[in-house]
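Just so we're aligned, residue 1 is where the sequence shown starts under full-length UniProt numbering, counting upward by one.
Treat the hints with care, as some may be off.
Unchecked claim - Distance condition first, Cα-Cα at most 30 Å in a straight line; then the derived DSSO-like pairs of lysine-lysine:
(1) K241 x K183
(2) K328 x K183
(3) K540 x K719
(4) K457 x K540
(5) K276 x K200
(6) K779 x K627
(7) K5 x K675
(8) K965 x K1019
(9) K1016 x K983
(10) K183 x K202
(11) K457 x K647
(12) K183 x K276
No lab work stands behind these hints: they were computed from the structure.
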Amino acid sequence: MKNLKILKEQLSKIQLNSEDEAISFAAFDVERNRLFLASSSNFIYSLLLPSPHQNAGAWNSISDNLIDLEPGDFITSMDYLMEKEAVIIGTSYGLLLLYTADDNTTEIVGRVEGGVKCVSPSPDGDLLGVITGFRQILMMTPDWDVLYEMALDDLPEDIDVHEHTYSSNYSSESSVSWRGDGKYFATLSRVNNSHLSHKKLKIWERDSGALHSVSESKPFMGSTLDWMPSGAKIAAVYDRKEDRKCPSIVFFERNGLERSSFCLNVEVDATVEFVKWNCNSDLLAAVVRGEKYDSLRIWFLSNNHWYLKQEIRYMKDDRVRFMWDPIKPQELISWTVGGHITTYNFVWITAVMNNSVALVIDDSKILITPLSLSLIPPPMYLFCLNFPSAIQSMTFCSKSSMNHLAASLSDGRLCVVELPAIDCWEELEGKEFDVEAASFDSGYKSFIHLAWLDSHKLLGVSHSQISNSAIKDSSKDELSIYCLHEIELVCSEDRISSSVTCSGWHAKVLNRLSLEGTVIGIVPDQGNGCSAYVQFDGGKVFEYALKVADARGLHQKRDDMSFSSSCPWIDLVQIGGCLPQKALLFGLDDSGRLLAGERTLCNNCSSFSFYSNSADHTVTHLILATKQDLLFIIDISDILKGELEVKYGNFLAVFKHKKGEDERNYIQIWERGAKIVGVLHGDESAIILQTVRGNLECIYPRKLVLASIINALIQGRYKDALLMVRRHRIDFNVIIDHCGWQNFVQSAAEFVKQVSNLSYITEFVCSIKNENIMETLYKNYRSLPHDNEAKAVEHGDLESSHGNSKIHSVLLAIRKALEEHVAESPARELCILTTLARSDPPALEKALERIKIIREKELSGSDDLRRELYPSAEEALKHLLWLSDSEAVFETALGLYDLNLAAIVALNSQKDPKEFLPYLQELENMPIVLMQYNIDLRLQRFETALQHIVSAGGAYFEDCMILMKKNPHLFPLGLQLVTDSVKKNQVLEAWGDHLSSRKCFEDAATTYLCCSCLDKALKAYRECGNWGGVLTVAGLIKLGKEEVLQLAHELCEELQALGKPGDAAKIALDYCADVNAGTSFLVSAREWEEALRTAFLHRRDDLVEEVRTASLECASSLVGEYEEGLEKVGKYLTRYLAVRQRRLLLAAKLQSDERSINEVDDDTASETSSNFSGMSAYTLGCLLSTV
């Protein structure tokens, strides 16, 4: 979906030497950008074509040279030989001349019999094909030797090609067309004994001259023939006058078989000449000579349909001819017999407008497709507009729900159409509307650039075309001048809002300005509405403003609006927010540089577009495709802040792996060469790509989709956001997490009211996760829009208590909203059950209680009308089982002590009756308390089980004890529930035994004391080493003196073994009255002062000496340990200094070798330095562990 637009024209006029002289042939020098023209008077004119940045008409000097030929001889063909740097010329007398323009010399290099009809060098320049007047093909080498010769036509055996009779009957124009690689060439040959127009297409092999293939005899028109440079097809023309049909262009394959064709929309008597492919093989041009005028037409193939993209008209006397530039695919050179030369620079522009309307030009039709309504693949369309003649340029404007289109036609007329709002276009499907030309007060004028200022003012740029004299009323004072016209449009017909207005338009020129320089584009300022920006060749941009223009009518608003080079593709976008800069001018030049004023955004861009999701249509994202087939979605804010290089680098396929994660910020375009043709704005958030073969592909980038969803959420459009989430399979948690779940809880009621679809709400509830999806799944889209309130929200701990957790809080809010704002219905009840089942943890008990209430109403048999507002108990139960684990639901039903409900749950969960019926029957036969006790045991609800078994009576006290012994945490509760003192003592003793088994002897001893189990208390105190408690309990037991003394000796030994000699000393002195043992224990504990005090107390000098000797030995030992430590520290310090010196030497060596330590990663550097320093394995391990 693209249109071919004339970017600029460059004109020149050759002053011929005589009035009856006419230009006949042309040749092109690619290396010097030089054009050679041969005239009927045998003059060779040479001129240099203007450079890309020269102004219109700035052609270089023209030189001419007369080729000295015999009287009556004239030039019949010409071409340029790059290897010889000269022009090869063929004459009617058979001369082959080599003309060198540098020194104006002419050399005869050969002569052929019958004259020269055609010369055609091979693409590589190694061979020269010559067709003689006798219809012979000569293949010559660069040394002018004939490699081989063969007949062009199939002739009878009795005909001599050298006879005058043959040459006069069969002589006609001939041509040779080479395939791009030069291995084959094609010709058209006459068919013997057939109609004169019937010919055959012959394919010849280059090396041997052998005939490779022949087509069937067809009515070819003239000798028009051209082989596509890529080699796929050969273009020729059928003459169908006998069938009273217009000519058609037909395509052949190398094997001579016809491949396809298309008819020309011209009169029957029209002829087609000079069919030529451009160097890229995507454009086909031809000269069509009609009864009133000649025209240069250009076609383009897309989706197997040939579109006529351009028509340029000439007068018949001009006898226009043309050639494509051999290396520039969109540059065409035309000339007339009178010496008027025009260079056309074409550019492809997208046919999709800013409001996603596709306007595809095809001859005199504009095929209209609103892509926002339906993605109709070309060449199909919704409806079309028929114009009086072919369309050269057009512009489209959409404002206030009305759409205006203006088109400049090839005959110079201007047409205007007003279209209704896009919402009404479905009624126009399949219709065709005939458009009438607008009446123009200043006559016909062909505009190469058009732009709407507003719905009634048009800005157009015209260029006086010397060769375009077919346009009526063209003035002669406009030669080589670009003119800017401000045109006012008025419609005299009554307009109907839902219909197409295509007649009754009047155009009046309000202002006309002559411009200095070549204009290559106009872009209107839609935000201003009364100005436009005009770009000149070279990139300079000026503003045209109504009533404020200076004498030239243009002024430079800001220096940063101009580009550093010519940008054929430009667009002005409006920027929202509180920025002082409300508009940005973007441009893309031929080399792939995307510019925003003077700044270069991307150096490898192939196409770009803009996306907006705001209500005021301000642009939010730039969409660009690179030459490497990568698609980038860029926030406009990143451009304004200058963060492109940080986020997108050089727009190349670079994978950034961080902790194993792929942080790709682009989309790989799956088909090579696909271009962006448009976008769908707003909630559609789609990008439309067109492949090389013409197919349309619509993609929905995740970044744009998320931006649209969050934009809808910020605007409070919850239903639209939910629909987009479902359509694009986005995680539903985006709706909750985009600004924090705490904010969503406050808006849950509005969410439920807007969505009002309980199925959608149920699906939403089932998808809630207890995580922030914006920080996990969509963390690479952190530049998504957030409202101001969202920035102040702290997400909090999602794993906190149930009252503050995300899932619990959100589902609670939704459940309340359902109960308050949604009418009672079965669907509402099921949705509420869903919120209970999906809660964290699942509130299955509440859900079953609701089902139990429904079941009780059903069993009551009442004719309550409210029963219709609830689902059946079976349906509700099945819904709950579908959402939850069936075993968990069964156990929850048991926990309600409703055996009937549990049986229903078991049956609906497809349990085997053999598994649950005996168990339920057994429970049913038990007393209620025992049934509850057994259910609690099954569900491991031990606290309630203990309560129930205690309430069952003293007969079940053993079961109570067994339960507490198996679950020791129940002992405190058991002490509260058991009131009998004897049984309470049993509970305490059992608790003490449990504590002893857990080696909690201190607590066990205390527990034993509470129940008067003194022996066990004594044992427990002894196990934990509490000698005070042991002796205290011994006193309670009333042990004898000897028994206490023996117990004290045993305790001393045990404490000494446990490393508590101080305690042992106290027992020995207090209970055993053993001074020697006590002092010895104090010395072992290094309690020197207490040992001396005890010795002096009992006046034992021997013990004093013993204490002194032991203290000296201890001091000597400590001093030795200190000296050994000092020696070790000295060795470690010496080792450290040596290692540090080696590291410094290694760093100096690396610097001298010009190696950057920054290039080595931390782990590698650590390991390398350790290896070089010769450090031990222990040191290396320590260093690595600290990295």
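(Q) Output the indices of the hints that this structure fails to meet, ascending. (A) 1, 3, 11
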